[in-house]
Amino acid sequence: MNACSRIVFGLFLLCTVPAWAEDTSASLFYKYSNSDAEYTVMLPEAPTVSTIWGDDPKIPYLENLPQDGEAVGEIAVLQRSDPDTRDYFDAKITFLKADTNFLTGMTQEKMQATLERDFKGIMLEEKKLDFSTSANNDLKWATITGFSVGKNNRPLYNVEHYLTGQQSILVIRVQYSLENKLFADYYKTLNDSITYRPL
94 MNACSRIVFG
104 LFLLCTVPAW
114 AEDTSASLFY
124 KYSNSDAEYT
134 VMLPEAPTVS
144 TIWGDDPKIP
154 YLENLPQDGE
164 AVGEIAVLQR
174 SDPDTRDYFD
184 AKITFLKADT
194 NFLTGMTQEK
204 MQATLERDFK
214 GIMLEEKKLD
224 FSTSANNDLK
234 WATITGFSVG
244 KNNRPLYNVE
254 HYLTGQQSIL
264 VIRVQYSLEN
274 KLFADYYKTL
284 NDSITYRPL
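For the numbering used here, add 93 to where a residue sits in the sequence shown, where the first one is 1.
What the hints contain is simulated information worked out from the structure, not anything from laboratory work. Heads up, some of the hints might be wrong.
Stated by the list, open to error - Restricting the straight-line Cα-Cα distance to at most 27 angstroms, the calculated cross-link-like pairs of lysine-lysine (DSS-like) are: (1) Lys151 to Lys203; (2) Lys221 to Lys274; (3) Lys281 to Lys244; (4) Lys190 to Lys203; (5) Lys190 to Lys124; (6) Lys213 to Lys190; (7) Lys221 to Lys185; (8) Lys244 to Lys220; (9) Lys185 to Lys244; (10) Lys281 to Lys213; (11) Lys151 to Lys213; (12) Lys281 to Lys185; (13) Lys274 to Lys220.
As the list claims (entries may be wrong) - Label-pair restraints from in silico Cβ distances: (14) Lys244 to Gln160: 36 to 46 angstroms; (15) Asp192 to Arg247: 34 to 44 angstroms; (16) Ser227 to Val142: 23 to 33 angstroms; (17) Gln160 to Thr197: 16 to 26 angstroms; (18) Lys221 to Thr197: 35 to 45 angstroms.
The beta-carbon is built from N, C-alpha and C at its ideal position, and this holds for glycine as well.
Start from the sequences, fold in the hints, and give me the full structure.
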């Protein structure tokens with residue numbers, strides 16, 4: 094198996110065996126990545142994808158909007174639910190091309206402020222913020238986590254990862270019913286599989 098560049102919380106490693114190889118069910122997962130993206134991630138199935146165009150006035154995250162109408166990224170959405178318990182698993186992934194000035198100017202404070210804004214209006218219990226970088230500071234990973242209560246009065250786990258590369262960003266937001274083991278396994282596989290691949 095070829096070596097792959099892989100990023101985990103606080104560590105940037107070269108590995109020969111991906112973490113999901115230890116989970117037989119993960120072999121059924123779908124490897125999601127835009128062809129221009131620097132990160133890949135495993136999902137339970139292929140998501141629904143919509144293109145982000147450069148002339149869209151509501152492009153998220155970027156400070157300087159593109160001047161043309163070319164594709165600048167995409168949003169991938171995956172939703173699964175249990176009709177009996179009303180438990181659910183929601184994942185939303187936003188990929189965007191970004192210029193060098195934006196990426197080099199991204200700081201821990203800026204990234205964590207973005208994560209806080211994304212959860213505005215959601216009361217997170219036991220909220221935590223984490224941040225890590227690669228050795229040469231060209232890859233950055235900020236995360237926010239916390240718990241909330243769903244409409245069925247069951248606890249939810251909320252997490253969002255904000256990852257920067259050398260040419261793009263990837264934001265992964267997940268919310269799932271905490272007591273549902275299957276959905277918890279989905280997230281574990283997703284989180285363990287996030288992989289950086291130089292373009």
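The hints, checked one at a time:
1. For the given pair, lysine 151 sits about 19 angstroms from lysine 203 by alpha-carbon distance, which is consistent with the 27 angstroms threshold.
2. For the suggested pair lysine 221 and lysine 274, the alpha carbons sit about 22 angstroms apart, so the restraint of at most 27 angstroms is met.
3. For a cut-off of 27 angstroms, the pair hint linking lysine 281 to lysine 244 stands: about 23 angstroms separates their Cα positions.
4. Between lysine 190 and lysine 203 the CA atoms are separated by roughly 18 angstroms; this keeps the pair inside 27 angstroms, and the hint holds.
5. Of the pairs offered as hints, the one joining lysine 190 and lysine 124 holds, with about 20 angstroms between alpha carbons and a cut-off of 27 angstroms not exceeded.
6. The straight-line distance between the Cα atoms of lysine 213 and lysine 190 is roughly 25 angstroms, inside the 27 angstroms bound, and the hint therefore holds.
7. Of the supplied pair hints, the one linking lysine 221 and lysine 185 holds, its CA atoms being roughly 20 angstroms apart against a limit of 27 angstroms.
8. For the hint linking lysine 244 to lysine 220, the alpha-carbon distance of about 20 angstroms falls within 27 angstroms, and the restraint holds.
9. At most 27 angstroms may separate the alpha-carbon atoms for a hinted pair to count; lysine 185 and lysine 244 meet this at roughly 19 angstroms.
10. Restraint check: the Cα-Cα separation between lysine 281 and lysine 213 comes to about 25 angstroms, which is no more than 27 angstroms; the hinted pair holds.
11. Taking the CA atoms of lysine 151 and lysine 213, the gap is about 17 angstroms. The hint holds against a cut of 27 angstroms.
12. Between lysine 281 and lysine 185, the direct Cα distance comes to roughly 15 angstroms. Compliance with the 27 angstroms bound is thereby established for this hinted pair.
13. Of the supplied pair hints, the one linking lysine 274 and lysine 220 holds, its CA atoms being roughly 22 angstroms apart against a limit of 27 angstroms.
14. In this structure, lysine 244 and glutamine 160 meet the distance hint of 36 to 46 angstroms, their C-beta atoms being roughly 42 angstroms apart.
15. A hinted range of 34 to 44 angstroms holds for the C-beta pair aspartate 192 and arginine 247, which are about 42 angstroms apart.
16. Distance hint check for serine 227 and valine 142: the Cβ-Cβ separation is about 28 angstroms, which falls inside the suggested range of 23 to 33 angstroms.
17. Against the hinted window of 16 to 26 angstroms, the Cβ-Cβ separation of glutamine 160 and threonine 197 comes to about 20 angstroms, which satisfies the hint.
18. A beta carbon spacing of about 26 angstroms between lysine 221 and threonine 197 contradicts the range 35 to 45 angstroms that was offered as a hint.
The structure does not agree with numbered hint 18 stated previously, though it agrees with all others.
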